[in-house]
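Peer 1: Residue strings, one per chain:
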Amino acid sequence: MTTEPMIRSESDRDPEFAAWFTSLVEEEKLRECIHCGVCSGNCPLASHMDLGPRKLMALSRQGFAEDVLGSNTIWLCTSCYACTTACPQQIPVTEVMYALKRRAIETGKAPSRHPVPVMAKGFTKMVHKRGRLTEAYLIAGLALKSGITRYIGMVGVGINALRTGRVSLKLDSIEKRDELSRLLDAVDDHSKEVSVR
Amino acid sequence: MSESVDTQVAGNGFEPMIVAFFCNWCTYMAADLAGTSRMKYAPNVRVIRVMCSGRVDPQFVLDAMAQGADGVLLGGCHPGDCHYQEGNYKALRRYRLLKRLLTDLGIDEERIRLEWISAAEADRLRDVVNEMTEQIRSLGPANLQVPQEQFVKPVPISLEVSV
Amino acid sequence: MSDKPKVAFYWCASCGGCEEAIVDLAEQLLDVAAAVEIVFWPVAVDGKRSDIEAMEDGEILATFINGAIRTTEQEEMVHLLRQKSQVLLAFGSCAHLGGIPGLANQFDRETILETVFDSTPSTVNPEKVRPQLEFTENGHSVDLPGFYETVRTLDQVTEVDYIVPGCAPTPNIIGGAVGALLSGDDLPPAGTVLAPDTALCDECGRKETKPEVVAISEWKRPHEVLIDEDLCLLAQGLVCLGPATRAGCGSLCIGANMPCSGCFGPTSRVRDYGGKALGAIASLVDSDDEAEIDKILAGIPDPVGTFYRYSLPASRLRRAPMERPLEVAAPKGE
Amino acid sequence: MTAYDYYPGCSLKGTGKPYEESLLAVFEALDVGLDELDDWNCCGATAYMAVDEKKAVALASRNLALAEQSGKDLVAPCNACWLVLNKTSRYLDEDQDLNDLICSAIAGTCPSISGNGKGASFEFSGNVSVRHPLDVLYNDVGVEALENAVTNPLSGLRVAPYYGCQIVRPMSPFDDQHDPMTMDHLLAAAGCDVASDYPFKTRCCGASQMMTMPDVGIDLVSLLLEDAVSRDIDVIAVACPLCQFNLEGYQPRVSKRIKAETKIPILYFTQLLGLALGLDKKALGIKRSFVPVEPVLARRASDD
Amino acid sequence: MTEANLSAGNGNGSPRIGVYVCHCGTNISATIDVVAARDVAENLPGVVLSREYKYMCSDPGQEIIKDDIRELGLDRIVVASCSPCLHEETFRNAIADGGLNPYFFQMVNIREHASWVHKDIKAATAKANDLIRAAVRRVRFHRPLEARRVPIDPRVLVVGGGIAGIHSALTLADAGKKVYLVEREPSIGGHMAMFDKTFPTLDCAACILTPKMTQVRAHPNIEVMTMSEVVEIDGFVGNYRAKIKHKPRYILEDACVGCLECIDVCVFRNGKTPDEFNLGLSKRKPIYIPFPQAVPQVVLIDPEGCIEFRTGRCKKTCVEVCAERNAIDFTQEETFSEVEIGSVIISTGFKAFDARRLPQYGYGRLDPVYTALEVERLVNASGPTEGEIVLRDGSKPKKVGIIHCIGSRDKNTNVHCSRVCCMYSLKLAHLVKEKTDAEIYEFFIDMRTGGKGFEEFMLRVKEEGVTMIRGKVAEVYPEAGNTGRVVLQAEDTFLGMVRKIPVDMVILATGIEPQADAEDVRRTFNISCSTGGFFTERHPKLAPVSTFTDGVFLAGACQAPKDIPDTVAQAGAAAAEALALIDAGHIELEPNTAFVVEEECSGCKTCVGLCPFSAIGYDEGKASINEVLCKGCGTCVAACPSGSIRQNLFEDEEIFEEIVGVMANV
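Residue numbers (the numbering used here), protein chains in the order written: chain A, 1 to 197; chain B, 1 to 163; chain C, 1 to 334; chain D, 1 to 304; chain E, 1 to 666.
Keep in mind that the hints were calculated from the coordinates and are not lab data. From the three backbone atoms N, C-alpha and C, an ideal C-beta is built for every residue, glycine too. Some hints could be false.
Stated by the list, open to error - What the simulated footprint calls covered on chain B by chain C, stretch by stretch (three residues with Cβ under 8 Å from a Cβ of chain C suffice, anywhere in the stretch; the number is not a length):
(1) 48-62
(2) 86-96
(3) 113-127
To be verified - Cut-off 25 Å, straight-line C-alpha distance, at most; resulting in silico cross-link-like pairs (BS3-like, lysine-lysine):
(4) D/256 - A/121
(5) E/283 - E/178
(6) D/13 - D/259
(7) C/128 - C/220
(8) A/170 - D/282
(9) A/129 - A/170
(10) E/541 - B/40
(11) D/256 - E/500
(12) A/129 - D/282
(13) E/396 - B/40
(14) E/212 - A/29
(15) B/40 - E/122
(16) E/66 - E/54
(17) A/125 - D/13
(18) D/256 - D/13
(19) D/13 - A/170
(20) E/66 - E/197
Unchecked claim - If we take Cβ atoms under 7 Å as the criterion, some of the chain D residues that face chain E in the derived model are:
(21) 178
(22) 179
(23) 196
(24) 199
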């Protein structure tokens, strides 16, 4: 039985992270959380999360960056926006989740072989290169990078998809691949978060 | 926003001077409420209290501008809410014509502004003051206060034949 | 040299109408002429600037100056005459308030010169010649007065004792002024406008035809309507500025079925004629809705020309803002 | 004939093929044109936003820019595409800095959009709305027109409409956020017995986690399917390729998980509408279902 | 204007001005350099003395002013401190005590308008200096004035007949004042009449309310007008006139004795229309009495449901049975009446939040979901189930969930806390537990039990075994398997886990909102609303029942959500304020009226049509202002084209001088 220390000292706090976090949403809205728990209560994934959105927000506000960026909560978020629309303080929780995911990737805090960031990166790579996604190749790449064993249960689905003609084995791509990748490179700018307004 | 406006005072740049005429029952109260709520806004406005926006004689606006005000802000009750039933409508009529006269003279229309701000709308008061201060800051000084000596110095018609 | 009181007349930026007004005194003029010695009156009597310069300070009893101040020469002459006169009178709207020439204060000097010497349809000036301050040929030189950026009223240039208002002053007003000066007693305090200190309605023949409540849903211009000859003009939707304008003219224009345009200027209680008149006129608009208010007020196409027709230089703002307020003194192209 | 630009998105070319087939067939039957957007690219879905925000916006913006060339509204049948494109269009509308960044990037790198040569410039006119087929069918075509076209009402078929999350949250421009009804009405017009008691019509299906954390995905799907089983639902109707695949693909595992036989066909609402319009089953991609559909349809026939 | 126009209070020479800059503790001095401000003031023309002091409004502060007036012969006073709305009166009184006309005074607002809203000391001090300079320049032109006295009509209009209106009306009537009590529903009683018990004492609401309702009915000084609304009010403090609309009841109120026989004989055997008083949980007939204890005890007819109104071919059994008294009158129409009063108490109450606006809680869609007000009726012995707690499907609940903050503390609906829901939820938990022994879950965000005996009541309810879960329910959905139950899903933030709890009954603790037509009422009475829509009191601390319209007072939940004791206390306070006004017999008004200077007036009549109070007359070629009717807005002053109208306290010179003052540093 392992034990996780349930105590946090002030030195565990990262004030810069807390400041970055509260600045994500205008008018210090993120400080207005009343801890009603509706975000977690509404979250279809809360049952699998170590923290859940409410605790995640509380830890973020206090600057416990390690706990936040190392949590599985941000990677379990499926962007269904149930929390966002229900929040009585109108906090855009989902957009904040996106920002936390990006922060985790940028700062290297994302678990290295965690399938969600691995898949996200694989996804962006394929799209950047080809402009479109070919599902089969994405899955194959994911399985190779994050451990093939966990996908054994999926084999049946794959066979079904093949049988019904719903898998394309041709790598799809757009015509103007060069234009697109140049376009994406042209906006390589991380100076300012835009989505959380 | 409010803080940035307040701190800009420390700089050496142009600081707009705005004279405001506020109705006692609404905008003046909103400014009081902004105070009791400790909201922060730009320190560029000087408020002169009147009982009703209907008391504001266009002469006051012209006088303030002639003395160097970079903008004039009038604050009255929302349409239908005048403490004196319809003084704000009189203010509106005068304001619309005065604004035309001023813009015809070449004065930027942002320099004169009539806003309906109820006693409860402290946040609006704050936003209007900040917004107007910033607008006028970007317009620059009004330069309507023309120093006497500039009238006195002779200006010849022209010294050379222009090409 | 006679011992009759000496009187002078001078004109600055004006149309000449004020000179006409003096002539219009008709028989009265003869009485005046008999009572005084006219020492200087360029428009009617031969005389030189040097004659005035030769006079003692205060030698002239009264000088009547009409016209606004636009050029260096006008200013010099005004100072000279002030020095030589016991009493200086601003005669007519231009000297009093800036008058019609004062409307030029809507523009800057360069725009005016460009219009006059360049861009009007009737101008033919391909070389873009402009008059110059000095011109020398064969050792002879001539000079021209300098042209100011801004038109000023007489009292913005020098101290004025009395004002005879009007465009032009009406005979009764002139007569009253001259009479008061010559009688010498009970002169009002300096700066007084020599006309009643109430508004024109007070003496308007149509006063009692004005309803108690005037609410205007459409402003009309005189050429657009058949004007009732008896009814209050404001009540007919015409912009009559009588309520804002000093009385004393005998409501001549209204008698001729034309609305008052404000040449006598404001009463002593008003600091800015246009602002006050605009406030009063706008208050009469019969709407509380912004869009409709604008629609009704669009019936007054030129607010500056309407409310400051005679008084832009005397207004609180005096003129339109200048593009380069600190550079105006520097001659162009230097 | 009204016509729209059509943005299929990656899934409709793969696992979501029956959605595309049935959508095109139904729209054709109702005389509504769909012109596939030339050289469209992936919308970026949720994954791109998690990695790089500006690039995610730029990616989606390219599609909007392409669509602006025709100026027709853009129909995006996949919920994720629909949301990403709508969200992007809102960002571009509300954030001028971002808009400037994207426009100058497009002008500088995409001659096929902004034209060749120096001084190429690009600006969004905002003349394109991104629409979901539910929105188009309900608001533009109308329930009445659909009803009139129905030749084979699906009476007796107990269908639970399942909307998924991303067409009602965070924006819901064409339907109620908490209790959306457009699909309910369309299916009712097709004669279906709409199961209004199904409580999870907007609950997330977990598709985005199915590949990455299958246990989690199975949990979410189980909840949705278990409830449907308990309510004797014949068919769950969906409007998103991700929901469809997710709800359908794992039913054997769900059966084990909830200890109850789970064999509920998951059909696109367009497939059901197509059946009601009397269209050919093959053309509607009915045969591409993993869970056999025939038994359910047959049971309905025998109930009649 | 020249110095010659200055009017010195001492009658000769130039004014002697004293300037006082207040620190207000550190409220002002923390942001404004008060010493510098004092020094600047000292050098302004006419200023004889300039001081700064800790608290100018304190007794010692006022004494300083009085002493300076007496000893230094000051004849103008400027105090730079807080808003004139707060202390102008204080200083005027002090100045009068010092022997000077109180209007030789100008107050400068350097707290609300400067120190509290700015951070930069330099900028705030510069602003304060400008404002002080403006006041010093202005005060030189002040003239001695006298307050206006206006007589007060002793009659009072009370708008709204809930507990607030009832208590106000009784207090006033007991003091011998005539009261018009206007209520738009067919009976007075308001929301309180619908409640079962009151927290935390569990008094029976009806038992304490109905005696007061009966008193109202019987009181010789109270005239109750039900089914009536105030549609128009004009006049001013002490002298208002209200126009009241009376909706038809189709019953002659004076003839009906409340025997209710007409209801028994109505051709409808059973009620068909949802009963408003029971929130639709029962049905009523088209001829009905709202509830048994209604005041007045008079029936009414609902024309929507009545056959006679719909077809004109009813047997009219009601008319037959009432033949003797002949109280039924199908021809009644809307009527209007007018009353004259001196003051008004507004007690229009609140509206319960409409739970349909939050569809995730299933109200109106899922049978087990009730609002708190519905449950009040269910547990009430005179309610639709005679006090039995029976669900819509006829069963008794075994598990009940109560969800707090429905329509409160939620930016999607109302930001404010409704203040009473925590307590009434605990009360309902107790009552439901008592009657059904069901298992009860209270889902709360924060348990707010600030009130006498409130915390103790909460502990008692806990002792009774009610489960408290800290967390707002996120979703209510039907349980799988057709159980009829619903599942409540919420994060239990105590445990940090999401819980799903199936229950038989859900009670939504709906919040308190302003009445739907609060905006109309606000306009009618010329008062203001706060951001949330509740009426704004004159001062949140010091004038909690007054409004900015003199003679109009507030009582009860129309001002903000509050419980019954607070409502009654406020109703008493409002009545006391009205009584103070009435018993003074007159009121002193600001002498800020306008007047025409006759010899200057040209009789142009521009002003006449502009006055909304018809205070300006025209006679013999001149306009003149009736001081009694003038309210001092100054619109005519601004419009007078010849500058011949002045406004006391706001003369042109005074305002022009203020402009010079604020601009002097530019």
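Peer 1: For residue 40 of chain B and residue 122 of chain E, compute the direct alpha-carbon distance and say whether it is at most 25 Å.
Peer 2: holds, 15 Å
Peer 1: Would you check the hint for residue 128 of chain C and residue 220 of chain C, treating anything up to 25 Å between C-alpha atoms as holding?
Peer 2: violated, 42 Å
Peer 1: Assess, step by step, whether the Cα of residue 13 of chain D is no farther than 25 Å from the Cα of residue 170 of chain A, and give holds or violated.
Peer 2: Answer holds: residue 13 of chain D to residue 170 of chain A is near 11 Å, not above 25 Å.
Peer 1: Could you grab the alpha-carbon distance between residue 66 of chain E and residue 54 of chain E and see if it respects the 25 Å cut-off?
Peer 2: Within the cut-off at roughly 16 Å; holds.
Peer 1: Given the hint that residue 13 of chain D pairs with residue 259 of chain D, does the C-alpha gap stay at or below 25 Å?
Peer 2: Between residue 13 of chain D and residue 259 of chain D the Cα gap is close to 34 Å, so the pair fails against 25 Å, i.e. violated.
Peer 1: Between residue 256 of chain D and residue 13 of chain D, does the CA-CA distance stay at or below 25 Å?
Peer 2: Violated, at about 31 Å.
Peer 1: Between the segment 48-62 of chain B and chain C, see if three or more residues pass the 8 Å beta-carbon test, and mark the coverage as holds or violated.
Peer 2: As far as the segment 48-62 of chain B goes, the hint holds, because 5 residues have Cβ atoms under 8 Å from chain C.
Peer 1: Given the hint that residue 541 of chain E pairs with residue 40 of chain B, does the C-alpha gap stay at or below 25 Å?
Peer 2: Holds, at roughly 22 Å.
Peer 1: Would the stated hint for residue 196 of chain D survive a check requiring a Cβ distance to chain E of less than 7 Å?
Peer 2: violated, 9 Å
Peer 1: The hint names residue 179 of chain D as touching chain E; please verify it with the least Cβ-Cβ distance against 7 Å.
Peer 2: holds, 5 Å
Peer 1: Going straight from one Cα to the other, do residue 170 of chain A and residue 282 of chain D come out at no more than 25 Å?
Peer 2: Holds, at about 23 Å.
Peer 1: Go through the hint on residue 178 of chain D and say holds or violated, using the shortest Cβ distance to chain E against 7 Å.
Peer 2: holds, 4 Å
Hints 3, 4, 5, 6, 7, 12, 13, 14, 18, 20 and 23 from the list above are not met by this structure, while the remaining hints are.
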